[in-house]
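Chemist: Sequence:
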Amino acid sequence: MPALPLESGKVATGSKVATLDKLRVAARELFVELGYHETRPQDIARQAGLASGTFYLHFADKQQAFLDFAEQAQNELMAFMQHRLSKTETSRERWGCICSAVIDFGADHPGLLQAAFIDPVFVAPKDDNAWQMYDRLGHLLSLVLAEESPSADYDFELISHGICGMLRHAMIYAGRSDMPREALIENMSTFIDRGLKTS
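The numbers in our numbering rise by one with no breaks, and the one at position 54 of the sequence shown is 44.
Everything labelled a hint here was simulated from the structure, so no lab data went into it.
Honestly, I wouldn't trust all of these hints.
Taking lysine-lysine pairs in the DSSO-like style, the calculated list, with each CA pair at most 30 Å apart, reads [to be verified]:
| hint | residue 1 | residue 2 |
| --- | --- | --- |
| 1 | 77 | 6 |
| 2 | 6 | 52 |
| 3 | 116 | 12 |
| 4 | 116 | 52 |
| 5 | 12 | 52 |
Quick list of the computed label-pair ranges, beta carbon to beta carbon [said to hold, decoys possible]:
| hint | residue 1 | residue 2 | range |
| --- | --- | --- | --- |
| 6 | 148 | 117 | 14 to 24 Å |
| 7 | 181 | 51 | 23 to 33 Å |
| 8 | 100 | 73 | 17 to 27 Å |
Every residue gets a Cβ at the ideal spot worked out from N, C-alpha and C, and that includes glycine.
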């Protein structure tokens, strides 16, 4: 998906970029707070302090706006995680870093992980781009897996998606049971690191 969803051949001016930024901020707030189905294009424009028609100068419809929102949120998490990963040295540190990055990002932005990584495929189940976004975190983890265990005989993409699901459910359980953040990270990173060791 293009970073700036304008008609082909058009160049984004400074005012168009500023307007798009306002729409993106408003869309993020409403999609996270109300969900996709309860958010209307005119609500996004109003939240941004813009005329309703302005929405359609940047997005063809609500679905495009939602997928753009999801992509922007995912970019934030990926940059956040990759920055932390660049400072790790051992396998155990990397898995602890991945766990803590997802946990911290989720805590700092309540509701954003679900909306950005899970909801796109429910909103646009026939859109290949939505599924590619759904797979982004799993693909990043698969690259870590391939680096850690290059000779392993399992499917890196499959296992990485399994780790994503396991981490998601672990975070829900830890939140419900008031488990300390450090205990969650220690348990998950230790389990993943030991489970993926090759002989």
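Chemist: Any of the earlier hints contradicted here, and which numbers?
Modeler: As far as the earlier hints go, 1, 7 are violated by this structure, in ascending order.
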